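On the provided structure of chain A, position chain B with the ligands as indicated by the hints.
The primary structure of each chain is shown beneath.
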Amino acid sequence: MLHYLDKPLEAARGVAASRRGFLKILGGAGAGLIVGAMLPPGSLVGAAKAANGADAVFNPFVEIAPDGVVTVVIKHLDKGQGIATGLATLVAEELDAAIEQVKTRFAPADNARYANLMFGMQGTGGSTSIANSWEQYRTAGAVARAMLIEAAAKAWGVPAAEVTVAAGKLSHASGKSGGFGEFADAAAGLTAPEKPALKSPDQWVYIGKRFPRVDVPNKSSGAPDTYAMDIHQENMLVVVLARPPKWGATVKSVNDAAARAVKGVVDVKSGPFGVAVFADKTWPAMKARDLLEVEWDFAKAETRGTAELEAEYKALLEQPGAIARDDGGIDEALAGAAKVISSSYAFPYLAHAPMEPLDTTILVEDGKATIWTGSQMPTVDQGTAAAILGLKPEQVDVVTRWAGGSFGRRAILDAHYVAEAALVAKAWGKPQPLKVVWTREDDIKGGYYRPMYLHQVKAGIDANGTVVGWKHAIVGQSIFAGTAMESYVVKDGVDDSSVEGVRDTTYGVSKMRVDLHSPKVGVPVLWWRSVGHTHTAYVMETMIDALAREAGKDPVAYRLELIKDDPRKVAVLKLAAEKAGWSDKPAEGRYRGVAVHKSFGTYVAEVAEISMDGGSVKVEKVTCAVDCGIAVNPDNIKAQMEGGIGFGLGAVLRNGITLTEGAVDQANFDTYEPIRISDMPEVEVHILPSAEAPSGVGEPGVPPIGPAVANAIFQATGKHPLKLPFSNGDFV
Amino acid sequence: MRTLVINGVGREVDVEDDTPLLWILRDDLQMTGTKFGCGAGLCGACTVHVDGQAVRSCQTLVGDLAGTEKIETIEGVAGKAAEAVKTAWAEIEVAQCGYCQSGQIMSAAALLAATPKPTDEDITAAMDGNVCRCATYQRIRTAVHRAAEIMEG
Ligand code: FES
Ligand code: FES
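Keeping their order, the protein sequence lines are chains A and B. Using our numbering, you'd call the opening residue of the first sequence number 581 and step up by one each time. Using our numbering, you'd call the opening residue of the second sequence number 4 and step up by one each time.
Think of the hints as simulated: they come from the structure by calculation, not from any bench. Source: prediction; values computed, not measured. Heads up, a few of these hints could be off.
[Said to hold, decoys possible] Derived pair list, reagent style DSSO-like, types lysine-lysine, alpha-carbon separation capped at 27 Å:
| id | chain 1 | residue 1 | chain 2 | residue 2 |
| --- | --- | --- | --- | --- |
| 1 | A | 1198 | B | 120 |
| 2 | A | 1201 | B | 120 |
| 3 | A | 1025 | A | 1038 |
[Unchecked claim] Which stretches of chain A does chain B cover? Using the computed rule of at least three CB atoms under 8 Å from a CB of chain B, they are:
| id | region |
| --- | --- |
| 4 | 803 to 815 |
| 5 | 1256 to 1268 |
Idealized CB from N, CA, C, for every residue including glycine.
So here's chain A without its partners, still in its complex pose (with noise of 0.2 Å):
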């Protein structure tokens, strides 16, 4: 982490800590926190009726205008997932609202109003929206449409309970009937019932059905001022920095002459965070980025390269480290077992890379500043931001933008690149709108990477192919040390994050031994799409899939047998098999191979088909079955798990970020390339019925789908790819 954040992370600490939802926590970890949901006291309760003909407040979900418009306002930040879509579903069913009508916007930094029920503070990650609105936005739904029914039957003099609402319109069976605009007004200063009756899943007309995404008209016409890239303000600057190319270095000395003579160029200054050119458009100030010739001070950077932190990993994977599980007597069992296996895996550092690359606009006058970006915690960027600007955290304004992206890259914990353009802001010292952009080059290059890892497991089955004993070393940087939300992730020494999808497993194993080593190093990690079971799922699955040869059983009959006690993860692994045809052998070429893994409280199973031709591996079809609870939205589920494959797919084909000398060696998509549309498999995707409440769906596509390849790498060459990416080709 970089130094001069340490006191703005306090101060994010503070806001966080402060809230009293943050007792909540029931248990778990990760992103994936499960902390008691509880809809704050009053959080429903109607607001001051709106002024002549603005909006009427139903309470802070639910806004009404005099023409019917259903506004929704969304607590979480949509970068692709769908969420703004998945809430105004809920809100219009309960409301039963006409499909046009309903728009959406998204909610300012207000903790009191808009936390994540599950964090105890505004944010977005773990999959996590759609689990804690869904009683809320239902609620404030329900609760705008009795209002309306009163101000109605009112108006009407009729009784309430005779007035009925149905896509948008309120009747009664004397033939009167109305829009929502009528009674907006009206309705939104009557008391809100404390306790609405919500609907049935029999009555539901949207949830499970169709509800079609609210940003897709902008998103398909290049609609102005949608992303926080597309904000022009008046008198505004773009700023571009060189900043350290080894975390930990300072800048010693500037030669900013030749960036100077720039036309556009405004000025240049170094800080904290390293050197900023200040010009009038983003064109001038990226080419003089370039020109600048800047002396960096090493003496306290993170100087060691790739192959220097795997020799240090591998010495402690021999070592015993923080006990993430111990069910004893490992060793006993091992040495006991009819057969052993045991196999090593690296995982390199990852990048997001976002489509949008990261920026944020700032404007800092008369004791308060606004912040435009696309904030996925609203409450840690205000708070962060105050701390440096020597405000009050509600002296600062964020609005949010629909993200190009995110992958967990705009949740972080530091605020990093918000506390940034605040440092900027205060070092440029005047009331301007600055904008502060990062090319893709810095992206790369930027650090809060999913980190790298290093397995080493030993596995023993008996004669009939029971797991006896499994002992599972990780070596890789805590996400969670050093942050706000250490203490309620990190517990003895283990940070969960690292051993999820490991310690919890629900294979049956008799006995396991899991050590967890997290070293320090001047690499800032992060959360990464499915954050700990991007890699433990590919151990885990790869490795039964290896015990099950062993065994000389079928993947997917072994599995069954192994997972017995877990119903739902049997019943999507059976489903995706089916639909895959698992019993009929693959077609001449083809290769299959099966995964099947819970995160974040749903359960996904892949099977991939793939070809190889030499060393490179093609993925033809993938067919996917998921459990996510209540499908509130089919299409949308489609398209995360689609979304989810396509992303861990590019991941694992050809993804790594390596240091040589602390240095970055990549730098844009020709040395980190993205999965491209003649990687992508045919994806099909079919979801459980269910009706237990709803889990999110943004991650839990992407861990079965390395593994499920690797498997079927396994079946084409008797080798898994255990040093990742699959470019290594350490299966050939």
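Coordinates of chain B with the ligands only, in the frame set by chain A:
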């Protein structure tokens, strides 16, 4: 001062010769539908049409343009293929984060204008330069086929 013809309208801009068309659109003209993704010709987020061809505006320096070319962006792209693509994109709900989609739509529209009934291979070839980090590729492919159907009427 130089003049560019963008979406049928002559626009005057005052920029250096080495300025990429991308930044003229985004900063000088505030037409932000065309996106910055990599600045290196590797992602296609900045795709526009120049005389009907899909080009990467981040690699198109204004000094290399004569000024007479017909430039079309996502905000103004018209014609049978473009209309069909936009309709299909909305119908299939291709977008997730949406940031790449202006570029995807521009590449797809250029493909369909030249090849109204593209095969899967044609689609892969024409769209392979357009990165989507949300990996909406399956729907992109479906939507291009759907647009071809719409064009047929
Ligand atoms: S921004 Fe032009 S190709 Fe990526
Ligand atoms: S929709 Fe997000 S990058 Fe394509």
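Each hint tested on the structure:
no.: 1; hint: 1198(A) with 120(B); verdict: holds, 26 Å
no.: 2; hint: 1201(A) with 120(B); verdict: holds, 24 Å
no.: 3; hint: 1025(A) with 1038(A); verdict: violated, 35 Å
no.: 4; hint: 803 to 815; verdict: holds (count 8)
no.: 5; hint: 1256 to 1268; verdict: holds (count 6)
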